[in-house]
Amino acid sequence: MNSNNWKKIKKIIFFDSYGMMSIGFFLVCVFSGIFLAIPYDIHDPYSSIGKLLIANPWASFFRNLHYWSAQLFLVFIILHVWDYLGNSKSIKPKPGIWFRLVISLLFVFWVMLSGFILKADADSLQARRILETLLSSIPVFGDIISFSVLGPENDFQIIYVHHIATTSIFIAVIILEHAHTIWGKLKTFIISLILISLLSIVFQAPLHNNLDPIMKGPWYFLGLQEILHWLSHPGVSLLLILGILVLIYFLPSLKTRPGFILRKSLLYSFYFYLILTLIGNFFRGEDWKWIWPWNDLYSIQIQTPFNPVFMDLYSDFDSLNLSEIPVILGREEACLICHSGIQGFSPAHNPEAIGCVSCHGGNSFSLNKKQAHKNMILIPGNNLDAARSCGTTNCHPDIPQRVKSSLMSTLSGMITVDRYVFGETNSLSEISHVHDLKQTAADNHLRDLCASCHLGNSKIEIGPVTQLSRGGGCNACHLNYSNSASQAHREYHSSGKKDYKLTSHPALSIDVSDDHCFGCHSRSGRISTNYEGWHETLLDEHDSLNTPAYRILEDHRVFTFVEDDIHHRKGLACIDCHNSNELMGDGKIYAHKEDQVQVACEDCHLTEPAQTLSPNKFDSENRKILELRPATEGIHRYLTTIKTGKTIVNTFINKYDSIKLTGKISGKIHPVLAPADVCTRGNAHNDLTCSACHTSWAPRCLGCHTDYEPHTPGYDIYANKFTRGSWVEYAGKYLAIPPSLGVEYPSRGKTDSERKIKTAVPGMIMTLDKSSYNHYSDPEAYRFLRLFAPAEAHTIQAEGRSCKSCHNDPVALGYGEGKLNFDLNTRKWSFIPRYQLNKYDRLPEDAWIGFLIEGKGDLSTRDNFRPFSPEEQKSILTVGSCLNCHDENSEIMMQSLDDFQGLLNHLSPECKVPEWE
Amino acid sequence: MQTEKKISRNRFFKILGSILIFPFFYAWISSVQKHKKTQAGNRELIYPLDLSAGVHFEDQIIIIKETGKFTILSSRCTHLGCKINKFENNQLICPCHGSAFDIEGSCVKGPAGKPLQRHSYSIDSENRKLIVHLS
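Sequence lines, in order, name chains A and B.
Sequential numbering from 1 applies to the first sequence in this note's numbering.
Sequential numbering from 1 applies to the second sequence in this note's numbering.
Because the hints were derived from the structure by calculation, they are not lab data.
No residue lacks a Cβ here, since even glycine has one placed at the ideal position from N, Cα and C.
Take every hint as true, because none was put in to throw you off.
Distance condition first, Cα-Cα at most 35 Å in a straight line; then the derived DSBU-like pairs of lysine-lysine:
1) A:K7 to A:K92
2) A:K92 to B:K14
3) B:K109 to A:K593
4) A:K804 to A:K912
5) A:K655 to B:K129
6) B:K109 to A:K438
One side only, chain A facing chain B, incomplete, derived with CB under 7 Å:
7) T133
8) P234
9) G587
Taking the hints into account, I'd like the entire structure generated from these sequences.
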């Protein structure tokens with residue numbers, strides 16, 4: 001482009017000098033301000049602006065005119081000053097006039113800032129507080145100046161007077177003195193008016209909705225906000241501003257060399273401030289944290305007024321009475337004018353209490369559909385936006401962060417174990433996060449098969465939670481569709497989704513049914529299906545299965561009924577045991593689920609005196625839950641968890657000193673029984689967990705194989721995209737039998753005193769073929785793994801397993817199914833396995849360890865969990881040998897619980913105990 | 001012979017104007033101070049004693065209720081006076097520049113350096129009221 005063309009373009013853009021253009025913008029600003037003053041109410045400024053935005057389009061237009069003319073006035077004043085200072089040959093003004101001009105810069109910023117404050121939204125109130133603090137920090141006269149400029153808190157009278165009179169008159173006088181005209185040129189005024197009118201029709205002047213957690217000052221002060229962010233003593237910034245004004249004042253009177261240096265310094269300072277302004281506007285999000293454009297939250301957190309939405313100046317609002325605009329939480333809520341009469345909300349989430357914007361965002365100050373729905377969150381509560389919907393200050397501010405840290409969001413254990421199996425980490429205690437999945441063999445295995453089951457997986461389509469639902473943040477648990485809401489949902493889809501007016505809204509409540517857990521927890525450990533008594537089979541859904549003994553899930557898997565958990569049979573839901581502090585996390589990041597789980601059987605089935613709390617000592621969360629589900633019996637004290645001391649808000653000791661549990665959804669009151677005497681008798685079983693005896697069955701799978709098929713079309717369920725090549729799992733055999741037992745050291749010490757015997761299932765007995773995985777060059781590509789996992793199967797029965805079912809059972813001991821026999825003649829135990837020996841490790845297919853052999857190498861999916869050692873096996877089998885002759889309920893076996901070693905020391909001649917080699 | 005020292009009218013008024021600044025300042029300061037006294041509002045805030053345990057953000061103060069104990073902090077961030085309105089990870093967070101304070105009011109993250117101001121309170125057991133005394 002040659003210089004002539006540039007000059008022509010410049011002439012069109014800058015249709016007059018900077019100074020004259022700024023006069024044009026000033027005049028538009030003053031005139032539009034006069035008309036804006038009519039609907040503006042100094043006693044209720046925020047509400048008056050809200051009303052005019054909703055139902056007074058021409059007043060809104062005047063507000064836009066006022067806003068945009070003011071912004072352009074400021075920009076052109078800066079250009080004008082810059083133009084003058086940048087030219088060393090500029091005419092030197094008289095000192096008095098120059099002094100007033102320099103001072104007028106302060107007035108220009110004050111008229112702008114006072115306008116910003118007068119809209120009285122959350123941004124404005126924070127800006128007012130900042131200004132008050134800065135002015136008050138001026139020595140001696142600070143408080144007087146601050147009060148004279150701002151007036152009393154929550155009162156806008158003085159600011160308003162300064163805005164419309166003090167500053168405006170001063171600026172007008174300065175313009176007259178400086179430019180010798182106040183009217184400028186008619187042509188400039190007309191062009192300015194047309195330009196600003198166009199801007200005003202397309203871009204709306206901003207108004208904070210008082211919900212958005214992002215607080216920012218006016219755009220031209222965001223550079224200053226950035227500087228203030230570095231300063232512990234922000235009063236320094238006032239000296240900085242004063243210094244710049246002094247420099248500008250002395251600049252024209254300085255000689256060539258110092259003047260040149262000063263000009264250059266100011267130039268670079270200006271560029272620097274410009275960069276800071278850009279940073280403040282485009283790279284600072286919530287809590288002034290840095291945010292990059294590629295961050296998922298960028299488009300949510302970084303907002304500018306440059307969202308083109310054309311004003312509808314001729315909307316017919318005649319029928320609307322302004323006094324009828326609902327005011328929710330101090331904010332005009334125009335949404336409810338169109339979306340009125342919707343039913344189905346839980347009381348706490350009724351829009352008459354919290355409005356629509358509290359959850360859905362959008363613009364409550366517009367009746368224009370497009371404008372109102374701009375930046376709306378259709379499905380609030382996803383982890384991505386939970387902090388801006390469910391987690392705002394007045395709602396549930398601490399929960400989104402807790403949920404994001406919880407295992408159901410991170411999937412830490414699942415990822416760490418997977419990487420360990422693939423040889424991509426050496427530590428089973430490593431903390432992992434699903435957001436850090438990479439493109440490795442292990443991580444792609446998860447992407448292909450597992451990584452959709454995390455709360456951060458956003459729910460993107462409306463509708464009830466089903467067996468196929470995954471993730472959804474808060475919705476995963478709290479979204480409940482009533483029949484009428486489901487009907488409305490179907491009508492919405494059949495209507496073509498256009499112009500459908502919703503009549504029934506799903507509820508968000510604390511009633512988390514088991515169905516919400518089912519989608520994810522019917523997989524892997526399958527605790528949801530176990531709890532209801534269903535065991536997965538390898539049958540096909542098309543097989544003839546029309547009997548109540550089979551159940552076909554929505555994902556087409558076929559289950560058969562075995563036996564449900566006693567708690568399920570009694571009507572307890574998952575949330576009757578698992579509380580909010582555990583499920584939503586406590587803010588800490590855990591590696592594995594047993595670390596995050598807080599409840600234990602003994603919390604309710606007490607073996608020690610109860611630890612209790614009265615309601616007035618509850619934390620706010622449990623207090624709120626108690627308010628929503630008030631207790632129905634005469635209650636004095638609530639039980640607490642042994643692990644954390646947190647309240648179990650539905651389990652209490654009533655006035656008769658009986659322990660009761662209230663079903664959180666059913667409302668039914670259940671008696672809580674104390675453990676049987678045998679559970680606590682003697683010290684032989686102190687290290688047994690309740691579930692070690694009371695788990696009736698656990699799902700096991702054998703002989704699985706996993707390999708990568710490079711040509712099979714795959715789908716990355718974490719990133720939601722199709723891929724070429726996929727990991728595929730082939731199941732061998734599913735069994736539903738009592739679990740094996742293993743040894744856990746809960747706090748990762750290795751002392752016998754903290755040893756706990758827990759149930760274990762084969763985490764994987766499988767071959768893993770990595771040889772076909774692209775880009776993977778591992779010499780150990782083909783791996784055989786025999787890792788057992790600690791697992792609470794959730795198939796508890798009132799009656800525990802028999803003594804023999806552990807002491808004489810090869811599966812419980814870890815040998816796998818087979819014939820475990822004690823020969824009374826030879827006093828030797830022997831074991832004949834049911835399954836063939838595996839070619840890789842020469843152990844039976846379903847075994848954890850070999851008979852009376854020390855397990856070696858990788859044994860479990862935890863570094864604090866192991867099979868029984870040979871010595872432990874011998875101790876167990878020694879008791880087992882006694883059980884060959886003595887009934888387990890016999891007096892002698894009961895005595896053995898108290899002092900087994902004492903009995904061994906006084907054996908009768910008939911007694912045959914094992915002789916160990 | 002004594003020379004008569006002349007002063008121009010313009011200079012006379014400049015000097016007079018400069019001198020008048022002082023009574024003007026006095027009048028300004030005095031009027032503002034007197035006005036502030038007449039405007040002094042209620043220095044006590046009253047809340048129900050039965051507030052649920054946890055953190056409550058009010059306009060001027062933050063009420064933290066723990067088991068049997070209240071902590072009343074000013075909602076003004078000690079950095080620039082912004083209203084603190086967020087409680088996250090057991091910290092009170094200022095939205096303007098991200099300063100963070102613990103629930104005792106001590107600053108745990110800048111740019112603020114000083115702790116939040118604490119207000120005293122009294123309890124009206126008979127009427128079940130919490131009375132906060134603004135200093």
